[in-house]
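Student: What follows is the residue order along each chain.
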Amino acid sequence: MTITYYLALSVILFALGAVGVLVRRNAIVIFMSLELMFNAANLVFVAYAAYYQLINSQLFVFFVMTVAAAEVAVGLALMVAIFRTKHSIDVDQMSALKG
Amino acid sequence: MSDTQLAWVVWAVLLPLGGIVVNLVVGRRLGEKGIGAVASLAAGGSFVLSGLLALALLQHPEGGIYRLATWFNLGSLTVDWSFRVDTLSVTMMLVVSGVGTLIHIYSIGYMHADVRHNGDPQRFRRFFIYLNLFVAAMLLLVSANNFLVLFVGWEGVGLCSYLLIGFWFEKGEGGLGNARAAKKAFIVNRVGDFGLLIAIFLMIGAFGTLDFDGVFAQAAQAAPALLVAITLFMLLGVTGKSAQLPLFVWLPDAMAGPTPVSALIHAATMVTAGVYLVARSQALFLPVPQAQAAVTWVGGLTALFAATIALGQYDIKKVLAYSTISQLGFMVAAVGMGAAVAGIFHLVTHAFFKALLFLAAGSVILGLEHGHEHAGEGHDPFDPQDMRQMGGLRKRMPLTFAVYLVGALALAGVAPLAGFFSKDEILVAASERFPVVFGLLLAAAFLTAFYMGRQLILVFFGEPRSKAAHHAGESRPLVTMPLVVLAVFSALGGALNLPGLHSLEHWLEHSLVGVKEGHFVWAVALGSLAVALLGLGLAWLVYGRRAPTEQDALARPLGPLYRAFERKWWVDEFYRLVLLRPLGWLAQVLAGPVDLGLINSLGDGLGQGSQLSANWLRKLQNGLVRSYALVVMVGVVAMFAYLLWVR
Amino acid sequence: MALGSVILFAVLALVVVGSALGMLFSRNAVYAALFLVLNFATVALLYLILGAPFIALTQITVYAGAIMILFLFVIMLLGAEKLPDTARSGRQRWVAALVALVFLAEVGLYVAYRGSNLAGMPALTADFGSPVAVGLALFEQYQLPFEITSVILLSALVGAILLTRQEKQRS
Amino acid sequence: MNAWFHPLVLITFLPLFGLALLLLLDGRNERSLRWVALLTSLVTFGLAVWALLLDRQGALTELSLPWLRLGRLAVRFHLGADGISLLMVLLTTFLMPLALLSTWTAVQGERLKGFLALFLLLEVGMNGVFLALDLVLFYIFWEFTLVPMIFLIAIWGGERRIYAALKFFLYTMVGSVLLLVGILFVGLQVGSFDLPALIQNRATFAGAQTALFLAFGLAFAIKVPLWPLHSWLPDAHVEAPTAGSVILAGVLLKMGAYGFLRFNLPLFPQASQQLAPWMAGLAVVGILYGAGVAFAQKDWKKLVAYSSVSHLGFVMLGIFALTPQAVSGAVLQMVNHGLSTGALFLLVGMLYERRHTRELAAFGGLWKVLPVLSALALIVTLSSLAVPGLNGFVGEFNILAGAFNASALGNVWFAGLGTVGVILAAAYLLKMFEKVFLGPLVHEENRSLADLNIREVLTLLPIVVLVVAIGIYPQPIFDLISPAVERLLMLAAQP
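Chains as they are written, first to last, in the working numbering: chain L, 1 to 99; chain G, 1 to 647; chain R, 1 to 171; chain F, 1 to 495.
These aren't lab readings, by the way, just hints derived from the structure by calculation.
Relax, there's no trap hidden among the hints.
Once the Cα atoms are required to be at most 27 angstroms apart in a straight line, the calculated DSS-like pairs of lysine-lysine come out as: (1) G:K467 to G:K395; (2) G:K171 to F:K431; (3) F:K368 to F:K431; (4) L:K98 to G:K619; (5) L:K98 to R:K82; (6) L:K86 to R:K82; (7) G:K171 to F:K298; (8) F:K368 to F:K298; (9) G:K33 to F:K368; (10) G:K171 to F:K368; (11) G:K467 to G:K171; (12) G:K171 to G:K33; (13) F:K431 to F:K298; (14) L:K98 to L:K86; (15) L:K86 to G:K619.
Since the model is a prediction, treat every value here as computed from it, not as a measurement.
My request is simple: use the sequences and hints to build the entire structure.
Tutor: Structure follows, in structure tokens:
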């Protein structure tokens, strides 16, 4: 049992999260994919905490989680606001910044 | 000479400028008489000062230099506002201010009538301002002590010539004729000035100074090739200002100016500036015979060429204009062959009799205009300068006729009038060094006598050929008085340098280099007199015995040759075809296809290029957040790959 | 290390990856959320194995609990379980897959060539990662960041309210 | 001396003070707005004269303060003036009040405040360009002049003002970008942007001289403009308001020539020597080409604009003849061109205000109805075509005489062909004068035109007085610039 396994798992999760961000059109699912990517990162933190016997990494995870919670709160509020004007949360419909 | 005396030369130049200032400031309140008086007094004052200088020179013939101020001083080159008082410059100053003053006085009367005839009395003041400016510039030209100050006068007189030719700028052919003539004069003169400028540049490079003394002192040691270049470029300047081949074309058109202008600028003084320049620069010409030959040939050819054209003209002033060109040819030839004294002598006498002829012609024109109005045909188109409309004026304008006769005979070279002696000296010099040019000049002298005879007969003899001529009357004393003075000088001017006495020669040898003792050759003198009389006689035979017809009496016998005289050898047409048209076309091409097309597209292409690339780039900014995320991801992958590869 | 822990890890990892894939491919957003809850819970188990019981429980309460409820709530609120099909980004999908594969391959390469020198996991002491240890570190060493976090949460709170507030319609 | 009250600082930034006053004033009170702007520019001119007097007593110091640090690079706030700078500042501050006077009735309405403010900003930039001795500072001022000018053209311009402004902007920016690259390169090589330090250590970048010369030179050549980079000029001139044209021709073009003198010659001596024939060649082409194209123009302002191309060709020829005489002549000619072309644009503007057209064909015979304007126009035209006794001649003569005997150019053809430009100048300028002022009065609407009023005479008179004064006695100016010119040439001559 080496840390490599955890790293590999984390990378796979991260990649899946990234694919989710890239291919899904539903803004809420994109958010969920983002959370997945956070999760992958957290896993690495925790694995290294065990590996180096350092509690600090676990605390980083704690902070990441709080920030993620805040981000989700604001992000979902944004979703609601956008949905009110556009009646859709399809990100492909949101191209007001087109050059 | 003391500095105080030398300073007079500056005052002589400044006085006419003072006249300008007075007329500019208070001229409006002075009235015509006042304006004319101020201007004439200014010019007259210059004449008095020149006379005083001449008297001073009698005691100190070596003259002197008066340095007023530094004009500019750059690197090794210093150019001063400095003036040269010597016998040559003072002679020229006397001629310029003397003839100038007479013409100022004459103009008071002439312009009084002219501005009314042309319907703008306000312009009276402007005329005298220009005239004073001219006198100042011409005096500066002849009294300059270096080539650049000379050049100031040189272009200054050209400017005045421009302004005065275009004095009636709304008149002439198509309303623009006079303005065009003025522009032509200035531009053709600029071509000549180009030559003089290049000569000046060469002198700066070769001698490091533009002062006459400095340049002439080094001329003897200079490389002949350099001197040839300098003198030939100078010759270009001379052909421009003194209306020689090939740049003479502006002078006939310059007759668009009021007649006093033709007399002062385009006959007596300005056009002789080229002659003065060559005489002044003898030291540069003497070491290089090739350049001398070039000048002489230009003069000789011009003398004959212009004389032929004079045969075919009907305009009283045009005849005199071509005669001026021809006589200038005599002078240029003279100074070219080293007979500078003869050239200056002819310059002086020519100033007298040609000014006289022009002013008398002006008197004739005034008489005809007067007669035209008197005849009650005030509004009909009428050319008061057309000799075909004249005839029989001998009885109606007796005084004018008398002085005109004196002038014409002097010009024709009939002894003992002034022209005989001066022309004779040139012919003698030519016969010794340039036999072919001697032939040209002799032929020109014959034609001179002939066309002057023709003019006298057409204008004064026979019966009046128009109502205007019928009603013509003698001009006012203010106009005729200067004529009489000039007639006296024209008659007696030969006394300046009588054979055996050579007073002018001894006077000038203080300032001219290479003066050779002139001598009198009886054969040449008698020959030229015979030629003159022959010309006059032949003119009588051709024109005097029967009433002139619409077609000139020579037209039939000479055929196409006469047509060439009449059409001025098509020189203007030639220039238009070979130079003006292609240059105008070139300008159009440059302004159109080249500038707006080619060069402009450089800038517009820059703009369009950035617009195109922006159009292409903005497609990347598609507004889809997932595309941006994809790009971020690709970047992450690429960076990761780079890190893998590097480590 | 015992074979048992490897097998346990393998099983958990399979669940984790499987639930992530499930989230990725479920058309209905509600299913996606539920898959994610499963995923988070399983990861929490991994945290437990790694000696982080406090983090594991936080994961379950905050992530799997609060956040995912929020997601589900919003999905229900907006009625956005399913989106109509639009074929606007067909190409993007394949490019994304390709990029992900390349990424995985890169990491694989890295692990294969550089990861071998990593030692095995050390044995963990009993109180490593205990709530006491975490609490001490949090309130001693990380006091200031902790306070800042609270400010972040507060501003998120304010922001969320501000963004979702209905403007009073003016007539 | 306190840095705030250093004369050079005051000259540069005093217009900002006037600008602040303008902003405080009520925008509808046009009269007081104009007076504030005019008085500010007059005081600035007074300060420039004061600086000149100080300099003549040897009491004018440089000002060098530490300003910015970019890593190990220091940018200094370094202002200094030699004779050339002072002359250019005098020209700028002299033309400024005249340009403002010319707008007295031409620009009105609620935007007047903005117009005057932009003008004062422009003056800050121009004075700064001529006084800055640190490359970064210079670059800031250089770009700074661009912004107000763009707006002056784009807001108060003629019909195609947007196109003209855009073109002006594009051309200038292309040059500026390379200039910036050049400045950064030089600065990084030496570790300083201070001009004296750079000159002292110029051996460090001697290897890249030619490339640097071209990088700097492109920006300057576009500004001059050197043929064939001139095509922004006619459009900008034609579309710009009168006062803008005056400043554009009078000062902005000089910035290019000044840049060559101040930076290219001392920083890149070998490249200057090697490229001198090429630059002179382009200059001569510009002289002849500008004259030819000017001859074919039907729009009065365009004609004057192309005449600028021709005249600036003389300036460039003089600079790259690299002899004291020619360079001094070129510097003087910069002033001359500012005066005579500035005055020509003023005249065009005055007639445009009366007639609302600039077509040459719409005029003719104006001398009859406008004697005062015509007489002044005649003097200005004659100055422009370099009649001796007026200022243009002294400049052009010294340029051509210097270039004719310049060893840097190697042969006489440059100056010889340049002299042909003197003939052509007579052709197109006299054509212009004939079309506008001579001939019969063919258009009825011209019959009732009013001659100049006192304000307009006051606008033109100072220029005419200087035109004559410089023509007759230019030596004070040469005394002012000669030490600077000789120093620059000495720097350009040493390898």
